[in-house]
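Engineer: Listed below are the residues making up each chain.
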Amino acid sequence: GAGVSQSPSNKVTEKGKDVELRCDPISGHTALYWYRQSLGQGLEFLIYFQGNSAPDKSGLPSDRFSAERTGGSVSTLTIQRTQQEDSAVYLCASGGGAGVGGTQYFGPGTRLLVL
Amino acid sequence: AQSVTQLDSQVPVFEEAPVELRCNYSSSVSVYLFWYVQYPNQGLQLLLKYLSGSTLVKGINGFEAEFNKSQTSFHLRKPSVHISDTAEYYCAVSGSGGSYRPTFGRGTSLIVHP
Numbered sequence: 001g002a003g004v005s006q007s008p009s010n011k012v013t014e015k016g017k018d019v020e021l022r023c024d025p026i027s028g029h030t031a032l033y034w035y036r037q038s039l040g041q042g043l044e045f046l047i048y049f050q051g052n053s054a055p056d057k058s059g060l061p062s063d064r065f066s067a068e069r070t071g072g073s074v075s076t077l078t079i080q081r082t083q084q085e086d087s088a089v090y091l092c093a094s095g096g097g098a099g100v101g102g103t104q105y106f107g108p109g110t111r112l113l114v115l
Numbered sequence: 116a117q118s119v120t121q122l123d124s125q126v127p128v129f130e131e132a133p134v135e136l137r138c139n140y141s142s143s144v145s146v147y148l149f150w151y152v153q154y155p156n157q158g159l160q161l162l163l164k165y166l167s168g169s170t171l172v173k174g175i176n177g178f179e180a181e182f183n184k185s186q187t188s189f190h191l192r193k194p195s196v197h198i199s200d201t202a203e204y205y206c207a208v209s210g211s212g213g214s215y216r217p218t219f220g221r222g223t224s225l226i227v228h229p
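Taken in order, these protein sequences are the chains called A and B. Numbering-wise, my numbering puts 81 at position 81 of the first sequence, and it's gapless, one number per residue. Numbering-wise, my numbering puts 207 at position 92 of the second sequence, and it's gapless, one number per residue.
Source of the hints: derived by calculation from the structure; they are not laboratory data. Just so you know, these numbers come straight off a predicted model, no measurement behind them. Backbone N, C-alpha and C define an ideal beta-carbon position, used for all residues, glycine too. Among the hints, a few may not be true.
So, partial list: chain B residues that the calculated Cβ filter (under 8 angstroms) puts toward chain A [unchecked claim]:
1. 140
2. 168
3. 205
Here are the simulated DSBU-like cross-link-like pairs (lysine-lysine), alpha carbons at most 35 angstroms apart as the crow flies [what the hints assert, rightly or not]:
4. A/57 to B/184
5. A/11 to B/173
6. A/57 to A/11
7. A/15 to A/57
8. B/193 to A/17
9. A/57 to B/173
10. B/193 to B/164
Modelling step: build the complete structure from the supplied sequences, incorporating the hints.
Structural biologist: Spelled out as structure tokens, the structure:
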């Protein structure tokens, strides 16, 4: 079956612009995660959605970052007023379990470059 | 709070040699532990995970890891590596109860030389 897909695969934007990154999880997966992968920094947790529960937003680095998940499926990560330090690969993952202990299936990522 | 330390940023090794990638964690609660692998130009995929039970966990491609609670470690091993094992390996931890937030290490680059 189809895996996790993300779009766009690459995004170049100017400092100060807003960007939207999209994630299509595996059908039926109740858990969805966003991470940021910077060179030499590993994966930085951003936000976690589990079913209809309130999302865990504890990893969002600033109020410029927000995410929503519509209908328990597709998710959009929005970065407002982008800064050069936002440049990174943004990864989305979905999981079939309750999150804890569940395997995460990762998408290919969106590479964001802020000029 | 929880954290993951991957002690080696890069591990060079010759083909058919054994390898160990080290991972230590800290957590105030019981944990689940994972190793993920990212091959060049590919997405991350699960290599193996420890949830409970036997402390020796076997994963794909001949890898295994051992959970050592007293040393808070979850080192990854393979007795004989192949060129195709060249990849970035990430250790991760999540709480097994209460608040859930996955934490990943910074990754270890395994470079297998012919």
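Engineer: Hint by hint, note whether the structure agrees.
Structural biologist: Status of each hint after checking the structure:
1. 140: Result: violated, 13 angstroms to nearest chain A Cβ.
2. 168: Check failed: Cβ of residue 168 of chain B comes no nearer than 12 angstroms to chain A, outside 8 angstroms.
3. 205: 6 angstroms, holds
4. A/57 to B/184: 29 angstroms, holds
5. A/11 to B/173: 38 angstroms, violated
6. A/57 to A/11: 23 angstroms, holds
7. A/15 to A/57: Status holds; Cα separation ~24 angstroms.
8. B/193 to A/17: 46 angstroms, violated
9. A/57 to B/173: Given that 35 angstroms is the threshold and the Cα spacing comes to 33 angstroms, the pair holds.
10. B/193 to B/164: 15 angstroms, holds
When each numbered hint is compared with the structure, violations occur for hints 1, 2, 5, 8.
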